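Engineer: Sequence:
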Amino acid sequence: SGLTTICNYAFSSCKSLNEINLPEALTVIGYQAFRDCINLGTIDLPESLITINGYAFYGCNGLTSIKLPSNLQTLSYEAFGYCANLQSVWIPKTITNETSYYGSSSNYGPFDSCAKLKSVTFADGITNIPSGLFESCTGIESIEIPDTVTSINTYAFQNSSIRSVKVGSGLTTICSNAFYGCKSLTEINLPETLTSIGYEAFRDCINLGTIDFPESLIEIGRYAFYGCSSLTGIKLPSKITRIENNTFYGCSSMTTAELPEALKSIGEYAFYGCEALEGIVIPDKTYLIENDAFENCSALKSLKCGTGLRTVEYNAFRNCDALTEVTLQEGVTTIGNNAFYDCDGLETIALPNSVTSIGTSLFSGCEKLKNVTLGIGITQIPASMFYQCPKLESIALPYRVTSIGDSAFANSTSFTSITIPRSVTTFGSNIFSYPAKLTIYGVSGTKAETYAGEIGATFVPIDKPATSATLDKTTLNINKGSSAKLNLSVQPIDFTDEVNWKSANTSVVTVAADGTVKAVGVGTTTIKVTVGNASASCKVTVVQPVTSISLNKTSLSMEALSTYQLTATAYPNDAYDKSVKWESSDTSVATVSEDGLVTAVGKGTATIKATSTAVSSVSRSCTVTVTNNGIVAKDVAQLESPHNYSNNCSDIWLYTLPDASKITVTFDERTNIEDGFDYLYIYNASGEQVGKYTGTELAGKSIDIDGDTVKIKLVSDGGGNEWGFKVTDVKVASGAHVHSYTSVVTAPTCTEKGYTTHTCVCGDSYVDSYTDALGHSYGAWKQTKAPTCTAKGAEVRTCTRCNASETRDINALGHDIKHHAAKAATCTEKGWAAYDTCSHCNYSTYKEIAATGHHHNAVVTAPTCTAKGYTTHTCACGDSYKDNYTNALGHSFANGKCTRCGAADPNYKPAPKAPGLKITTVSGKPKIYWNAVDGAVKYWVYRSTDGKTFKYYDSTTKTSYTNNSTTIGTTYYYKVKAVAVVDGNNYASDFSASKSIQCKPAAPTVSINRSNGKPKLSWKAVSGATKYWIYRSTDGVNFKYWDSTTKTSYTNSGAESGKKHYYRVKAVAVVNGKNIVSANSSTKSLFTSLAKPSVSITTSNGKPKLTWKAVTGADKYYIYRSTDGKNFSYWDSTTKTTYVNSGAKKNTKYYYKVKAVCASNSNANSAQSSTVSIKATK
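In terms of the numbering used here, the sequence shown opens at residue 1 and continues consecutively.
Because the hints were derived from the structure by calculation, they are not lab data.
Computed from a predicted structure; not experimentally measured.
Keep in mind that a hint or two might mislead.
[Stated by the list, open to error] Below are the DSSO-like pairs computed for lysine-lysine, each with C-alpha atoms no more than 27 Å apart in a straight line: (1) 1084 <-> 1047; (2) 868 <-> 918; (3) 1047 <-> 1014; (4) 1109 <-> 1149; (5) 925 <-> 897; (6) 1047 <-> 1060; (7) 1074 <-> 1105; (8) 1020 <-> 927.
Given these sequences and hints, build the entire structure.
Structural biologist: Next comes the structure, spelled out in structure tokens:
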């Protein structure tokens, strides 16, 4: 009877063991203690047992039924695994441990592979299905979860064979992986109490066809229904605000998905691969669709987005091939990369004006896309946006677009037309694949025209004035310091006018070029936008926002189930909207109502935050610490403490028997509280203490409590405890009655809450069902005092229910300034300076300028040959008169014309025309020449040395004249007159134009020949020249100064042998220390060669012997021989400077020549030497 522990392996594999008794003192059965005891048929587990460790009864095939002890706390993995004949089990409510080691390849739930386990009974009052309890249990097919269960814990049924689950009415939480991999599960009901479905809770339940989500559901975890390929449709409850990542990934049979109005965001991959989903409506409160959310929903035809949507992330609708209808509302600002990539069925798309950011490849590969409308918020066309859209033919870009990215329209084979606004200044590479058939429409002189020329597209200039301009708002209320966007729509969409925004009062609001309004100061003004002759306006009212919030408490310590009223005060006092919204960081600890009433729920810490309704960044928080747990029992069985209870406990239990006037509460006979140290406090519905008990004072006892509610509080100290308490019954007390209430509803008014009063015939009553005050239902504001430019007005509105009224100021209008151009005063009319007036009042800055009177300016008109002279007096206004007349001058003829008026002299004999003069030099002497003049028989030459004073110099009958009597270095100027002779009289023309030239030496006449193989230049002395400059070139084009000489010849001794050199020579005279240089001589050229050898001849032993000096640069020498002194032929070669003709015949005379040879350049070989001869004597 004293045994407390059976240790690890104690009876492991005792295959003959068929009976064992376990005493009431036993608390622990160890690891594998009875493993594979295959003949152990029955076993009674004592109530004292607290722990059954892993594999304790693994493989005990004789076991058919197990009743687990009611105080069991730990039931470890595989405890009854592979008990092949186990058919039924009773589960206590006390198991608290994590029973499954998820992720291990060997450890599973305590009933792993119990193929015959069909019957499961749960203890009354059980509140949770322990973690991993039926993980991998292959026998269980259906189960009924009691109403008292609030949580199905992690892995509870993972990978089990469960098919049907009937869930009781108390369930609030299905934890992560609870039904993961239950491939046979086809049916489960979710009660109206359920608030949370955890991570991967139903993942890969491939046969789960339908599921009804209760309205109580608040959250669904990531991957919760991942891979539920039989799920045909969903309707999410109204409290769901987010669909987490991968929640319905791969639900390939889902055809419908109804989303709740409260939904704020859709996580990444949420509906990825839902291949049967045909349509989706995004609610108005949904602001975010994350990446890949609907990717590969290949049957999706319709997408309708609500007004709250702001962001569509990358790949959100990628490869939705059936998508034909997309509705995007104003408000969307961002659409990510590839969001509609490869949506082959999409034909039409319109991006709202609110869209300001779009990603690359947005519509790339949309094979049927033909009609595209882009909103005016777009400022760039990203790379590959319409890449490979074969049906797209044309597009008009919005007026604020500044750049077009790489390959934006590449491989769009039908694309032929685009309208590019004046704002586009940046063009990427390969934007269009077929520029030859592309027409670009744009404003003449803009970058669009330049770009069209660069790529070879046709440019067509357009001029389309705006016909209308509208703003998306005509009135706007905005907090001071905030910004808002006004969206402009203009018709026609391809207008070419410039857009101009302005604020009537920049101390109230400013406006940017994109329509962004920034609130600067409190007040009202007007924003106006003009587009050519079209315009639109918006009245903007700037109000004072909430800047801070204070709370009456910033920290609270509360008992469970108690309440506290928090009060929030918004500042400053003149804030326009001072309302706040309340929220709790952890509703399992504390909740908060709409008006700030905090209710403590369970032990822990939560943050209660009040946030300004109008300014979400302004908030204040209160830290709430709940010191104990509160259990609101739905069943008497839940009125029970843990056994034994814990130290430092202060938990509360609450139970209500509805409408009872008095109740009797009966306690279990085992009830025991540590005597004198720990206490059980009993309270009635009003919170009044009924009693304080310790020890066994309540064991098996009953107490009466006024009202329908009992509140039990267990308070223990830090050491020592007992069994605790258990309530076995709560009933209407003897002699008491159940209240029968009559309900009277008091309707809410504008300022007072509504409520329901419940009254019993006994006189008991209570009030509940409070409804918020209606608030005033004001009619429209009516103006009672009109505002002026400088004074506020007033307006009033009246409640349609209670006739209460409120009055508010109307801000002064401020002057509506109209600018008037200045008008200058004239001689006879007054004028004014530029001035302003107000269109609302008589405000004016007008200032008058008096008439100026006439101011005449005198202009003298001189007399002519035939008309009088006079003075005209003229005023700027046009008034004028004449006086001071003088007589006509008469004609003054000369050379057949009047020198003043040009009239012809009737008696004039005409002189010839002046010749057209040209000048050059001949041999350094000036030579002038001209065209022959009709009628001229001779020409007079005039000369000057200063270009000013010309004197007659000579006469000639020719049309050229060389002035030989000149001095080198002097510049001479010439003029010529053509002379006709009539009746013996000379009639000379006017002077020709002057021509000048400086006298230079004559250019040398140069000849060239070789001197010892080197170029030698020669020329005759040039008159007046004292030296000569030599210029040299190796290509005959580019000459450079080479040398100078005073002689009339020059040998270029340094010229490289075998090269051709070109030469020019200039004669130079020195006059007053300055060089006067002639023109270039003609070009002369010559190949340089080696010097020809100087040969002498004698005999050696009777044979001819030739001798010469070595020639510089020669590598060898060729010997030429003749017997007649005329016909020489090559004979031999030598590198020496002597040669003996040993083969010469006796008494024969021989003639010889020698040539110096350059081995590397034959062009450098010398000429043959002079002939030498001798007779051979031997």
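Engineer: Each hint needs a verdict: does it hold in this structure or not?
Structural biologist: Evaluated hints:
1. A threshold of 27 Å between alpha carbons decides the hint, and for residue 1084 with residue 1047 the separation of about 18 Å falls inside it, so the pair holds.
2. The hinted pair formed by residue 868 and residue 918 fails the criterion: a straight-line CA distance of about 45 Å is larger than 27 Å.
3. About 17 Å separates the Cα atoms of residue 1047 and residue 1014, which keeps this hinted pair within 27 Å; it holds.
4. Among the hinted pairs, residue 1109 with residue 1149 is consistent with the structure: their alpha-carbon atoms are about 24 Å apart, no more than 27 Å.
5. Restraint check for residue 925 and residue 897: the C-alpha separation of about 38 Å exceeds 27 Å, so the hint is violated.
6. Between residue 1047 and residue 1060 the alpha-carbon distance is near 24 Å, which keeps this suggested pair within the 27 Å criterion.
7. About 60 Å separates the Cα atoms of residue 1074 and residue 1105, which puts this hinted pair outside 27 Å; it is violated.
8. A threshold of 27 Å between alpha carbons decides the hint, and for residue 1020 with residue 927 the separation of about 22 Å falls inside it, so the pair holds.
Against the hints set out earlier in the document, violations occur for numbers 2, 5, 7.
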